[in-house]
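Asker: Letter by letter, the chains look like this.
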Amino acid sequence: MDRGKLESAALLLTIAGVLLIVPPLVQIFQWRQRLLGVPVEVIYLFLVWAGLVIGARALARRMPHDPEPPGEGGSGQ
Amino acid sequence: MSVLSADLVIATAIAYVGLLFLIAYMGDSRTRSRSGGFLRSPFVYTLSISVYCTSWTFYGAVGSAARSGLEYLAIYLGPTIVFIGWWFILRRLVRISHEQRITSIADLLSSRFGKSSRLAVLVTVIAVIAIAPYIALQLKAVTSSIQAIAGTSEFSRGRLEGIDEVGLALGVAAGMALFTILFGTRNVDAKEQHHGVVAAIAFEAVVKLTALIAVGVFVIYIGGGLEEIFSNAEQTGVDIYSTDTFGERWVAMNLLSFAAIICLPRQFQITVVENSDENHLRTASWAFPLYMLAMSLFTLPIAIYGLVAMPAGANPDMFVLTLPLSAGQEGLALFAFIGGFSSATSMIIVESIALSIMVSNHIVMPIVLRWAADKRVGDGRGVSQLLLSSRRFSIILILGLGFLYFCFTRDSDALAPIGLISFAGVAQFLPAIIAALFWREATIKAATAAIAVGFIVWAWSSFLPSFETSSPTVAAIMAQGPWGLSWLRPEALFGLDGFDPLVHAVFWSLFLNTATLAIISLLTNQSALERLQANLFINVFGRGGRGQAFMRGSATANDLFFVAQRVLGDERATSIFGQEARESGRIWSNLEPTPAFIGRLERELAGSIGAASAHVMLSKVVSGDAISLEEVMQMADETQQAIEYSLKLEKTSAELRSTAEQLAIANRQLREVDQQKDEFLSQVSHEVRTPMTAIRAFSEILLDSAELQPAEREKFISTIHKESLRLTTLLDEILDLSALERGERGWENQPVDAEAALDQAVHVCDALARQRAMEIVFAERAPSATVAADPNRLSQVLINLINNAIKYNGAENPVVTISSRIEGGFYLVEVSDNGPGVVKADREKIFHKFYRGRRIGIAQTGAGLGLAISREIVSRMKGSLELVPQPGRGACFRVMLPLLQVGTVAAPGPSKPIPPDARRSVDAAPRSLSES
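Going down the list, the protein sequences come from chains Z and Y. The opening residue of the first sequence carries number 1 in the numbering used here; numbering runs sequentially from there. The opening residue of the second sequence carries number 1001 in the numbering used here; numbering runs sequentially from there.
Keep in mind that the hints were calculated from the coordinates and are not lab data. The hints are all genuine.
With a straight-line cut-off of 30 Å between C-alpha atoms, the simulated DSS-like cross-links for lysine-lysine are: (1) Y/K1651 <-> Z/K5; (2) Y/K1845 <-> Y/K1677; (3) Z/K5 <-> Y/K1648; (4) Y/K1849 <-> Y/K1878; (5) Y/K1849 <-> Y/K1722; (6) Y/K1878 <-> Y/K1845.
The following block holds chain Z by itself, in its conformation from the complex (with noise of 0.2 Å):
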């Protein structure tokens, strides 16, 4: 994918993380309901966390490399 692409989706995955963790759609979960002995809303957020983090590293290691800023490359220590 073109760096073009890349920004895009990770601007994408921010804003869907944004949007997934605040009202309403977090609400839609409130079913007062348990999976697994745990409310479902619990599951839920941890699931959308587990699933941006997964996102994040498939796009960490893709995301283009800035080139190094010219001049002195670090102080001489």
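Got chain Z; can you put chain Y on it based on the hints?
Answerer: Just chain Y now, kept in the frame of chain Z:
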């Protein structure tokens, strides 16, 4: 009976601190000897960022979960968003800070807004005040945890006997101060990086995570699994569902934690300043959210189980300790205590190092510089030493403030609300930081005013109310407002009543903050230096992102060396000047202070004392600064303008070029049309002339010769009649075609059964076919097809095609084959013959006006308008008419019409009367074809 005594707990804590010190020491010496590759790994970096998870996370999150359910998650979801979106904010911050040698958040803002010392002071003061509650939280957590673990028995208090909570907190604060001073202020680093501290913090991150997970696994084990824990809680009446969680408070907390992970001085220190490789952010972007996820995985089960298993009135903030204790797991409890202690110490160490850098760089140094205006600061080592002592003093001050806050507010019970006060305080930097990164027009006056306004509103609506329990005056203000002004009540500002206090404070402070920033930026102008810095910040990834050097003047190398030596120390100054001497090829004493070199020196100094102080310091030595700065700014501006201008020119000329091209195309088309018109006219004249000549000739004969036979006379008259009929038909067709082409005639498509129209057309042509002894054969037929069409016009087209097929068929056994089918949403009719076919070159031309195909051996009749008209008609019905290539002899014409989807055309009304002109032309068409 507990075997854990206070003495044992304190001894363990001190031993643990000793271990940390060892790690830090080894970390420092390893990086110095360049063998500490592991310490520079992205995972150590990620672990050190987890200094975000303080004892608030360790103890307070469980308390928060017990009191208000899932709310605690918001504290980790905001930072998760920041890290998965690292590309947009953190990456810029890190790059800018590396290039500009930024040392703190105050330095960042001051540097962006024209290296303003005033803004740096403001940010520093606000940060110190806003962090006090946070430090207090750690003191409170450590104190409570010591009491919780050691206070279980009368006899185990050991040396704590007779010491109350405040005394204990004072002891903790003093110990922490000592520890931090030993840890963080041993030397002044050129980049303000503390590798040893980072190593110790990373170690603590592992300890606290392991401890919390151990307690979590233990709780799930004794609770009998998740199912059991939640079922029991539900039965005993605990609300395990988050009924009211996801409201405005949830949003506000997410926003606050989003801001905090960027604006907290310690997070900025660890994430941005201590970052040694930009690519470490890639790993941290997913690994840090994963760490927080692991940290909060067991919080809810511990809280829920604690609510059921612990006696009513037990402090839920201490469940992590008290649950193992009540189950007799002394070892686990001690481990948990160390975990909590870890999270508190790492926070205090990094936070006070970060704050002390800010205080010494932005408050102490400027004062010293001013004081030293007339007499230069003593010997070379003075500044270095001064920096270190001012940092030590700052650390004591910061912990002292935290302790004071603790004393004043120790009656409030929960940890989490105290932390949120700090979060809301530092969040006031967020608008300015975002503007610094993305908004070129933001000005120093706007940023200063915005942060000040945000701070005042925060102090009034969030900080002040926390003293309600300890101060009657504050309580009165809370109830009635100051001087009885009820619209100024801290938790109902401007009459906005009935909101959660946190939401209320966050809304007003950030709203007024952002509004001030935006409005004042529009009303004020930037100075030259501000514009320069704004460009550097915003174009940080553009070409030549590095700061331009802008000072030149009368400084001598000696003056500069003296300054460098004072701040950076002998060794470092010598190395910088030595490098410059090597690069410029001059001898040391003859070194020319070029603008580039001065710029580099300023960045180096900024790494130690902050951008604003470095700038002030150098401008004292380098005179003529202001004028040359203006000059350079102007130059930079002119270059920028020139670039923009040439870009604009390029764009305009490209536009012009494309306009010219379009004009040329239009001109060519016009000429073609003109030529077509001429051709058309000459063709029409030609077509009209032939019958007219005949009519004229015959009528002249009739006029001249009186003695014609009646039979002959009749013959001539009938010829004249026939020719004039032909003329009329021709003119009708021309009129019809031009009306169609210009779209003059009202055209209404209605649902029509195309098969019926085809049958009708065949019926009409039947007579002609019979006359020529021809066969019309049907191949496959579509069952029925509804298309949107004008029925008369459709018949006209079909009749024309069939007539052509009959007339121009010179075969010995002439056959016309008609087939229709439905294919892919289209209705297709094909009319083919076995005649001579159409010459390849004529394939497209036969649809042109007046074009008669060269059909071998067949007399050409007709005006040559039939196919042109047909094609025009079919296109008006959104279909197409074409000659399809066919194997073997003959021509095959195909009409393709889109099938009508129900609902795409307005339902056919009561069948409309066919317009008279349409009827006429439909009548005319068959006639013209059959008669010619």
